[in-house]
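*Asks:* Residue numbers (my numbering), protein chains in the order written: chain E, 9 to 403; chain B, 9 to 403.
Just so you know, not all the hints are guaranteed correct.
Claimed, not checked - Subject to a maximum C-alpha distance of 27 Å in a straight line, what follows is the list of computed DSSO-like cross-link-like pairs (lysine-lysine):
no., chain 1, residue 1, chain 2, residue 2
1, B, K356, E, K35
2, B, K86, E, K348
3, E, K348, B, K131
4, B, K36, B, K73
5, E, K131, B, K131
6, B, K133, B, K170
7, B, K86, E, K132
8, E, K86, B, K86
9, E, K348, B, K348
10, E, K356, B, K132
11, E, K73, B, K73
Simulated from the structure, these hints should not be mistaken for lab results.
2 protein chains.
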Amino acid sequence: MYTIESIDGGVCSATGFYADGIHIGLKKEGAKDLAFIYSDTPCVIASVFTTNKMTAAPIRHFRKKGQFEGNFVLINAKNANAMTGPAGIEDIDEVLNALSDKFPQIQHPIMSSTGVIGVRLPKKKIIEGAMKFDLSKRESNNASEAIMTTDTFSKRIAFEVKLEGGKSFRIGAMAKGAGMINPAMATMLCFITTDALVDQATMQSVLDECTKTTFNAASVDGDTSTNDTVLVMANGKSGAFHPEAFRGALEAIMLFLAKEMVRDGEGATKLVTYKVTGAQNNIQAEVAAKALSNSLLVKTALFGEDPNWGRIASTVGASGIECDESTLSIWFDDVCVYRKGELLFDAKLEPLAAAVMQKNRFIIHCDIGLDDGSFTAYGCDLGHEYVKINADYRT
Amino acid sequence: MYTIESIDGGVCSATGFYADGIHIGLKKEGAKDLAFIYSDTPCVIASVFTTNKMTAAPIRHFRKKGQFEGNFVLINAKNANAMTGPAGIEDIDEVLNALSDKFPQIQHPIMSSTGVIGVRLPKKKIIEGAMKFDLSKRESNNASEAIMTTDTFSKRIAFEVKLEGGKSFRIGAMAKGAGMINPAMATMLCFITTDALVDQATMQSVLDECTKTTFNAASVDGDTSTNDTVLVMANGKSGAFHPEAFRGALEAIMLFLAKEMVRDGEGATKLVTYKVTGAQNNIQAEVAAKALSNSLLVKTALFGEDPNWGRIASTVGASGIECDESTLSIWFDDVCVYRKGELLFDAKLEPLAAAVMQKNRFIIHCDIGLDDGSFTAYGCDLGHEYVKINADYRT
Numbered sequence: 009m010y011t012i013e014s015i016d017g018g019v020c021s022a023t024g025f026y027a028d029g030i031h032i033g034l035k036k037e038g039a040k041d042l043a044f045i046y047s048d049t050p051c052v053i054a055s056v057f058t059t060n061k062m063t064a065a066p067i068r069h070f071r072k073k074g075q076f077e078g079n080f081v082l083i084n085a086k087n088a089n090a091m092t093g094p095a096g097i098e099d100i101d102e103v104l105n106a107l108s109d110k111f112p113q114i115q116h117p118i119m120s121s122t123g124v125i126g127v128r129l130p131k132k133k134i135i136e137g138a139m140k141f142d143l144s145k146r147e148s149n150n151a152s153e154a155i156m157t158t159d160t161f162s163k164r165i166a167f168e169v170k171l172e173g174g175k176s177f178r179i180g181a182m183a184k185g186a187g188m189i190n191p192a193m194a195t196m197l198c199f200i201t202t203d204a205l206v207d208q209a210t211m212q213s214v215l216d217e218c219t220k221t222t223f224n225a226a227s228v229d230g231d232t233s234t235n236d237t238v239l240v241m242a243n244g245k246s247g248a249f250h251p252e253a254f255r256g257a258l259e260a261i262m263l264f265l266a267k268e269m270v271r272d273g274e275g276a277t278k279l280v281t282y283k284v285t286g287a288q289n290n291i292q293a294e295v296a297a298k299a300l301s302n303s304l305l306v307k308t309a310l311f312g313e314d315p316n317w318g319r320i321a322s323t324v325g326a327s328g329i330e331c332d333e334s335t336l337s338i339w340f341d342d343v344c345v346y347r348k349g350e351l352l353f354d355a356k357l358e359p360l361a362a363a364v365m366q367k368n369r370f371i372i373h374c375d376i377g378l379d380d381g382s383f384t385a386y387g388c389d390l391g392h393e394y395v396k397i398n399a400d401y402r403t
Numbered sequence: 009m010y011t012i013e014s015i016d017g018g019v020c021s022a023t024g025f026y027a028d029g030i031h032i033g034l035k036k037e038g039a040k041d042l043a044f045i046y047s048d049t050p051c052v053i054a055s056v057f058t059t060n061k062m063t064a065a066p067i068r069h070f071r072k073k074g075q076f077e078g079n080f081v082l083i084n085a086k087n088a089n090a091m092t093g094p095a096g097i098e099d100i101d102e103v104l105n106a107l108s109d110k111f112p113q114i115q116h117p118i119m120s121s122t123g124v125i126g127v128r129l130p131k132k133k134i135i136e137g138a139m140k141f142d143l144s145k146r147e148s149n150n151a152s153e154a155i156m157t158t159d160t161f162s163k164r165i166a167f168e169v170k171l172e173g174g175k176s177f178r179i180g181a182m183a184k185g186a187g188m189i190n191p192a193m194a195t196m197l198c199f200i201t202t203d204a205l206v207d208q209a210t211m212q213s214v215l216d217e218c219t220k221t222t223f224n225a226a227s228v229d230g231d232t233s234t235n236d237t238v239l240v241m242a243n244g245k246s247g248a249f250h251p252e253a254f255r256g257a258l259e260a261i262m263l264f265l266a267k268e269m270v271r272d273g274e275g276a277t278k279l280v281t282y283k284v285t286g287a288q289n290n291i292q293a294e295v296a297a298k299a300l301s302n303s304l305l306v307k308t309a310l311f312g313e314d315p316n317w318g319r320i321a322s323t324v325g326a327s328g329i330e331c332d333e334s335t336l337s338i339w340f341d342d343v344c345v346y347r348k349g350e351l352l353f354d355a356k357l358e359p360l361a362a363a364v365m366q367k368n369r370f371i372i373h374c375d376i377g378l379d380d381g382s383f384t385a386y387g388c389d390l391g392h393e394y395v396k397i398n399a400d401y402r403t
């Protein structure tokens, strides 16, 4: 038996991990823009990256090295180092070499970037800034602030897993999201650290599985970035491990951060859970759930708090899955608005449905009524702020 | 040889066709909301409908009858007669029977609807209103106004095709679009009438082909409605036909209306042509072009007149097609902003690119640089008006 307890913290919660975030002049007005994570002993590393073919330089750099271990990650905001070709990779080498020269305890360092596409990395600023790092700092708050782009709040979480016999391990994490969040691997950076004694292959396989139901089930705007990255670093320092508990804690962390990213989607005011059941199979349920979470018409109806169930039905129908109006049922939380061909929506039901739509979090449940395929996706509304933020992001 | 000339007109331009639009109280403030098209001799009919599985009652009604001929179409706005089950079909029968009783010259009438989903058809109002139709009217303007929903202008066009030897035929059309326009068959109604002497099978095959490069290449918001319909009626009264000329005129009409719909997309201020060349094949080019025309990040950058070519590159990369930054090139009209890995964008180029973005119509051209697959799609920007219109459509 084991218990998983939420603790105050982030990427420094696990033993042996250090982190900080500082301002080096990439963001305006002194905002933190450069972060590191460091472990004082070697780590095994698991990773998931974007499916975008225009993969950013940091991801190409990581893959080129076929990297499964390392004890240091450098993260900058404001520049994605994407579409920068071979020069983008050389820039990373130069930055990381300078860091290794300055801090000999760093082994196999990794770089991660987020920001504008198609501009060379400001490597001089980054190198000069990184020279000021203090690797003994445990400021997970600073680190999680430094990686923010259009996020309105920083995102971090930590768990302690207590096993029978008094042993325990910890997992902590930070993430940034906001725009370009999408089922095909959200535009996001997420860094997870743990002192669990887990081997690389096990950790990679748990990460792959958990990604499907968490980050890949979250959508803000259906776009997939060039830089999406999830890294998990394990230094084994606790000497403890329990596969089921590890998986449970990792999935809880990733689901929490995925939902936090959606809730903080650009201009979002609502976090909506799209539960699809009764589909012919799980894949069809996933297609429908993601079609709902990505539909502009659904998103704008959510923003308008308009219980427009017709758009839900139409979106399910347009998704291409097997379905029929005579077997479909739709609920807003517990309020059934359409049941197997029966038009329930009337002057009495409308205010009940509208009251659900006014909540910050609620569930839209579609039962396709055919078989037992199911999937749950997470999405947000789309309002004026999204347009405002994205109409002029570069300036 | 033949010539295709644009003429002033619409669905009444071809010989023997009549149409009108009247107000029966479905829309507010006297706006026209019920239209008919009538031919005084029998027509063959070709059709294309939505791919949405939640097909609206009018389309189910049409398909049930396996209809290839008829001389009358009734079109109402404000109610889609979708998700209304068997009762929705019965409502149509009742309306059309009443019309046939009143006007014995009507044969195999068809009904088409657009508006809110999930509300029973106001059939009493529609029947009472339709009794006032004057089938000798040739008011194509009124008809095209009556079918509008959130359209800001009515859409119609007509061509006269002059053949060698003095024979000629005409094709006229009207359409409504605005929201829910999408590559997988736009949410739209389009009615095309012709006095060409064409058989049903030929007309259907030309319509299917032309749909791919016109309505199915147009996107406003990536949604596909329950009611999308294109109907072509041919009464043969001109006694003239020329396959190539007919195809040319039909495609020109459909492309014009597709672009008009995009230009009048909800809240749209720009009509953008996405030309993708150099893809591995035409299908990959189509996938990339449609990904661009549907990307929220691209659409909002257009609205902000921000020459953010990085989002173009990222969207191509996210589309899943074969591509690489080292072979990709991007132009805004004639301004090349990225060429095969070369970062061209600088302080000198930016104002040139920005000037293109300020135009109402321009071309974004992506050369994938791999082979000779190509496709052209049409899209618009997404601004505050889209959110405003869709956040509260029902009320």
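*Asks:* Evaluate each hint against the coordinates.
*Replies:* Quick rundown of the hints versus the structure:
For the proposed pair K356/B and K35/E, the alpha carbon gap of about 24 Å is at most 27 Å, so the pair holds. Our distance criterion of 27 Å between C-alpha atoms is met by K86/B and K348/E, whose separation comes to about 24 Å. Among the hinted pairs, K348/E with K131/B is consistent with the structure: their alpha-carbon atoms are about 23 Å apart, no more than 27 Å. Distance hint between K36/B and K73/B is unfulfilled; the C-alpha atoms sit about 34 Å from each other, more than 27 Å.
Using a Cα cut-off of 27 Å, the hinted pair K131/E and K131/B is violated, with the two alpha carbons roughly 69 Å apart. Between K133/B and K170/B the alpha-carbon distance is near 43 Å, which puts this suggested pair outside the 27 Å criterion. Only pairs whose Cα atoms come within 27 Å are accepted, and K86/B paired with K132/E is rejected, the gap being roughly 61 Å. For the hint linking K86/E to K86/B, the alpha-carbon distance of about 47 Å lies beyond 27 Å, and the restraint is violated.
As the CA atoms of K348/E and K348/B are separated by approximately 54 Å, the hinted pair breaks the 27 Å bound. A threshold of 27 Å between alpha carbons decides the hint, and for K356/E with K132/B the separation of about 24 Å falls inside it, so the pair holds. Distance check on the hinted pair: K73/E and K73/B sit about 64 Å apart at the alpha-carbon level, beyond 27 Å; violated.
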